[in-house]
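Enquirer: These protein sequences, in sequence, are chains A and B. The numbering used here puts the first residue of the first sequence at 5, with every later residue one more than the last. The numbering used here puts the first residue of the second sequence at 55, with every later residue one more than the last.
Accuracy of the hints is not assured; some may be wrong.
[Said to hold, decoys possible] Part of the chain A face toward chain B, derived, beta carbon under 7 Å:
#, residue
1, Trp48
2, Val109
3, Leu113
4, Leu287
5, Gly297
6, Trp312
7, Leu361
8, Leu365
9, Val406
[Said to hold, decoys possible] Here are the simulated lysine-lysine pairs, BS3-like style, with alpha carbons at most 27 Å apart:
#, chain 1, residue 1, chain 2, residue 2
10, B, Lys257, A, Lys410
11, A, Lys410, A, Lys241
12, A, Lys243, A, Lys364
13, A, Lys269, A, Lys241
14, B, Lys194, A, Lys410
15, A, Lys42, A, Lys269
Rather than coming from a laboratory, the hints here were simulated on the basis of the structure. For every residue, glycine included, the Cβ atom is placed at its ideal position computed from N, Cα and C.
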Amino acid sequence: MARTATAPGAPKTALGKAALEVDDRLIVAGPLRRTLNKVFPDHWSFLLGEIALYSFIILLLTGTYLTFFFQAAMTEVTYDGSYAPLRGVDMSIAYASTLDLSFDVRGGLLIRQMHHWAALLFVASIVVHMMRIFFTGAFRRPRETNWLIGVVLLVLALVEGMTGYTMPDDLLSGTGLRIISAIILSIPVIGTWAHWAVFGGDYVGELIVGRFYIVHVLLIPAILLGLIALHLLILVKQKHTQFPGPGRTEHNVVGNRLFPTFAGKATGLLLVVFGVVAALGGLVQINPVWLWGPYNPAQVSAASQPDWYVMFLDGSTRLFPAWDIYLPGNYNIPALFWPTLVLPGILFTLLLAYPMLERKLTGDTASHHLLQRPRDVPVRTSLGVMAITFYLVLMLSGGNDVIADKFDISLNAMTWIGRIGLLILPPIAYVITYRICLGLQQHDREVLEHGIETGVIRRLPHGEFIEVHQPLGPVDAHGHGELAYGGAPVPKKMNQVGGARRAIRGFFSPIEEPTAVELEQRSEERGLSSAEAQRELTSSGRPAEGGRPAEGGRPSEGGRPSEGGRPQEPRD
Amino acid sequence: MSTTNPQSDTQPDEGPRRSRWSRRPAEGTPAAAARARRRSKQRRRVGNVAALMAGLVLTGALYSTLAPGAQAADEGSESSAEAAGRELYERSCISCHGENLEGVPNRGPSLIGVGEASVYFQVHTGRMPLVRQGAQAPDKPAVFSDEEIDQLMAYVQANGGGPVLPSGDLRDGDLALGGELFRLNCAQCHNFVGEGGALSSGKYAPSLEDANDLEIYSAMLSGPENMPVFGDNQLTSEEKRAIINYIQTITDMPDPGGAGIGRIGPVSEGVVIWVVGISALMFGIFWMGSKA
Numbered sequence: 005m006a007r008t009a010t011a012p013g014a015p016k017t018a019l020g021k022a023a024l025e026v027d028d029r030l031i032v033a034g035p036l037r038r039t040l041n042k043v044f045p046d047h048w049s050f051l052l053g054e055i056a057l058y059s060f061i062i063l064l065l066t067g068t069y070l071t072f073f074f075q076a077a078m079t080e081v082t083y084d085g086s087y088a089p090l091r092g093v094d095m096s097i098a099y100a101s102t103l104d105l106s107f108d109v110r111g112g113l114l115i116r117q118m119h120h121w122a123a124l125l126f127v128a129s130i131v132v133h134m135m136r137i138f139f140t141g142a143f144r145r146p147r148e149t150n151w152l153i154g155v156v157l158l159v160l161a162l163v164e165g166m167t168g169y170t171m172p173d174d175l176l177s178g179t180g181l182r183i184i185s186a187i188i189l190s191i192p193v194i195g196t197w198a199h200w201a202v203f204g205g206d207y208v209g210e211l212i213v214g215r216f217y218i219v220h221v222l223l224i225p226a227i228l229l230g231l232i233a234l235h236l237l238i239l240v241k242q243k244h245t246q247f248p249g250p251g252r253t254e255h256n257v258v259g260n261r262l263f264p265t266f267a268g269k270a271t272g273l274l275l276v277v278f279g280v281v282a283a284l285g286g287l288v289q290i291n292p293v294w295l296w297g298p299y300n301p302a303q304v305s306a307a308s309q310p311d312w313y314v315m316f317l318d319g320s321t322r323l324f325p326a327w328d329i330y331l332p333g334n335y336n337i338p339a340l341f342w343p344t345l346v347l348p349g350i351l352f353t354l355l356l357a358y359p360m361l362e363r364k365l366t367g368d369t370a371s372h373h374l375l376q377r378p379r380d381v382p383v384r385t386s387l388g389v390m391a392i393t394f395y396l397v398l399m400l401s402g403g404n405d406v407i408a409d410k411f412d413i414s415l416n417a418m419t420w421i422g423r424i425g426l427l428i429l430p431p432i433a434y435v436i437t438y439r440i441c442l443g444l445q446q447h448d449r450e451v452l453e454h455g456i457e458t459g460v461i462r463r464l465p466h467g468e469f470i471e472v473h474q475p476l477g478p479v480d481a482h483g484h485g486e487l488a489y490g491g492a493p494v495p496k497k498m499n500q501v502g503g504a505r506r507a508i509r510g511f512f513s514p515i516e517e518p519t520a521v522e523l524e525q526r527s528e529e530r531g532l533s534s535a536e537a538q539r540e541l542t543s544s545g546r547p548a549e550g551g552r553p554a555e556g557g558r559p560s561e562g563g564r565p566s567e568g569g570r571p572q573e574p575r576d
Numbered sequence: 055m056s057t058t059n060p061q062s063d064t065q066p067d068e069g070p071r072r073s074r075w076s077r078r079p080a081e082g083t084p085a086a087a088a089r090a091r092r093r094s095k096q097r098r099r100v101g102n103v104a105a106l107m108a109g110l111v112l113t114g115a116l117y118s119t120l121a122p123g124a125q126a127a128d129e130g131s132e133s134s135a136e137a138a139g140r141e142l143y144e145r146s147c148i149s150c151h152g153e154n155l156e157g158v159p160n161r162g163p164s165l166i167g168v169g170e171a172s173v174y175f176q177v178h179t180g181r182m183p184l185v186r187q188g189a190q191a192p193d194k195p196a197v198f199s200d201e202e203i204d205q206l207m208a209y210v211q212a213n214g215g216g217p218v219l220p221s222g223d224l225r226d227g228d229l230a231l232g233g234e235l236f237r238l239n240c241a242q243c244h245n246f247v248g249e250g251g252a253l254s255s256g257k258y259a260p261s262l263e264d265a266n267d268l269e270i271y272s273a274m275l276s277g278p279e280n281m282p283v284f285g286d287n288q289l290t291s292e293e294k295r296a297i298i299n300y301i302q303t304i305t306d307m308p309d310p311g312g313a314g315i316g317r318i319g320p321v322s323e324g325v326v327i328w329v330v331g332i333s334a335l336m337f338g339i340f341w342m343g344s345k346a
């Protein structure tokens, strides 16, 4: 585009002129416009993945600050810092620098706590995001690749969290490291070799913290960053899924443009996530390593647990029977191998393969861009709840000594509750979820067929009492609704179809006068009374006498109980 | 035999008897001498008995006059506390620990040798008297006053013996050393910060948060419930004081990072991130969703 000062629409502001200069050189206006105009569907659950993204950004920022002060080495030093109860104690320089970071570096403790809270939040939001993807069927063709990337991201996040947990070299993380070492050793055939490779010798050696450090700050973050970028690029390329609803099809995307609406929301959410993490980091103490003490293999504490996302493996270890297998030739497979390597191997393989398994089992190979409501796919939903129940039992068992201690339950009883619960509860959860899904489906059908219960009871001339139902659409000769279920939420309360006074604006406090809203509402013809003249009474399942006038093409404005044809006071 | 049957030989019977004894040495001086000897022996014996009787009577009389006074003096000088302790013991402890501290099978252990340290710990923390038999005695508000506890301690110490309570400043020890010893000896059950923890079959290591110095010391000395005894050979008195110093220092220490959330690490942190963190963010995204 040639630049002429007299061209129509030429920018007049300084900003516009600057932008023109940039575009002249980089030719970005076209692609940028396309990107900024990209439409994202709007639903609260689509923001869950963003929480994970923003936690990751916080992790990168706070983590960078921590690297300025943390020294990842296991050289022994004698502590001589600000924390009196450890002064004079021998410890690794990693632990000493963590103490200095916490007590002697300005803002160090806050940043360290924010980093740790953000790490917990990162994994938690990944899990919640994944549940949303799973239960709505967003992983279906063509989005299997992104599901696979997501599972890999989850596993990497776990490893990243585990290495970060280990680095301060305190008594808690050292206990975890001892267990990691035991897990590696328990691998048949290659265990010892793998252990030697990871630790550079026997446990604990002097290398492991330095190795974990470079894995934690370079390798995994780089891979995470790359995969997240790929995850988002694929998302943009394939477009976001959306829930079914009016005007939404497999071939369009209904929502807001990236700029300004979506960008505004995303920025807002970034700030909210940042605020929550900063509040937690400032107000709630996490991993007080100075209380744990330096790591010493001769010492261990009661209630030593991994962070929550690895707790399910601790739980599986606690529940699994002590089945050591002894083979000829002084060779054995420790019981630890099954709950800590085989079980997560199976779980993550199933998670990875689920889209392919479902495609195979249902024969549904079509492309889907519209999401499903969990109730409409009861088998998948029930399987998901079953898996979550299984996971929860394992996770709670990982803290079963704390639960036993705090609630005065025998630890042995907790172990057996976990063992039995692990086998019994998931099937029960499956059955219950399945029934709930079917019940919700039927209720949707019922409302579509018979209308919304208004709560208005009428007495007919011959003495019968009926409840007035508000049909959602046109009805047939028997008074039954003719709308088919479309996979979208069905309104089930009069308020959802405008039965009540509209909400007064304002989130925490009203920003408009309630009385003004009420007056405005009164002036409008609303409620049952407004259509009283044309309406015949219908009741659920009974034909209305003389049928119904066929005017109801759209859901009625609503039905408020009326008295003498006058609109009533709105009830709240 | 015959000598113990002295005066049975009567004169009229002497003839036949002698004839019976005719094969023995002929009657005459040796036999008479023997009889006389026998008689004097008997006389001596009677005298002995009389003297013994007199001695006994005299001793008894003396005892009856002197002993009550001695007894009264004894009680007054050393065991009014003991007597009060005995009364408390017989009212509250005897059914399980027995009449003489010997214990009752399947009910309560012997208290012989546990000493006043154990009594102090068990009674001052309210563990004893026991509410019911269970996996472990829970601590509760003390039933006895400090004075009554002293009396019980005196009674058990006097009758059973055992470790006694320490004196002096119980926190007089090196803080860092105390920390090391605590992590080495105590943390595996009581947790890094003395939060306590579960043991098998409903037993547990209690939290040390509310324990006073003397309770911790006496617990180490006496090894209550499932706790091992840390006698002065395992941990010297200075080391015990160092441990107490460490425990009380970190218990009283504020949490620099904010709310302590129980100081038990990942379990409560996991609860917080889900209940507080994720909930707050869900609220945030619902809010954003409602602003469509």
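Enquirer: Determine for every hint whether it applies to the structure shown.
Expert: Hint-by-hint comparison with the structure:
1. Trp48: 3 Å, holds
2. Val109: Interface hint status for valine 109 of chain A: violated (13 Å vs cutoff 7 Å).
3. Leu113: Since the shortest Cβ distance to chain B is 6 Å, the answer is holds.
4. Leu287: For leucine 287 of chain A, the interface hint holds, since the closest Cβ of chain B sits about 4 Å away, which is under 7 Å.
5. Gly297: Holds - the Cβ of glycine 297 of chain A comes within 7 Å of chain B, reaching about 5 Å at its closest.
6. Trp312: Check passed: Cβ of tryptophan 312 of chain A comes within 3 Å of chain B, closer than 7 Å.
7. Leu361: 28 Å, violated
8. Leu365: Where the cut-off is 7 Å and the nearest Cβ of chain B is about 32 Å from leucine 365 of chain A, the hint is violated.
9. Val406: Hint holds; valine 406 of chain A Cβ to chain B Cβ min 5 Å, cut 7 Å.
10. B:Lys257 x A:Lys410: Judged against 27 Å, a Cα distance of about 12 Å means the pair holds.
11. A:Lys410 x A:Lys241: 51 Å, violated
12. A:Lys243 x A:Lys364: 24 Å, holds
13. A:Lys269 x A:Lys241: The given pair, whose Cα atoms are some 21 Å apart, holds under the 27 Å limit.
14. B:Lys194 x A:Lys410: Given pair lysine 194 of chain B, lysine 410 of chain A holds - Cα atoms ~16 Å apart, limit 27 Å.
15. A:Lys42 x A:Lys269: Given pair lysine 42 of chain A, lysine 269 of chain A holds - Cα atoms ~14 Å apart, limit 27 Å.
This entry does not satisfy hints 2, 7, 8, 11, going by the numbered hints stated previously.
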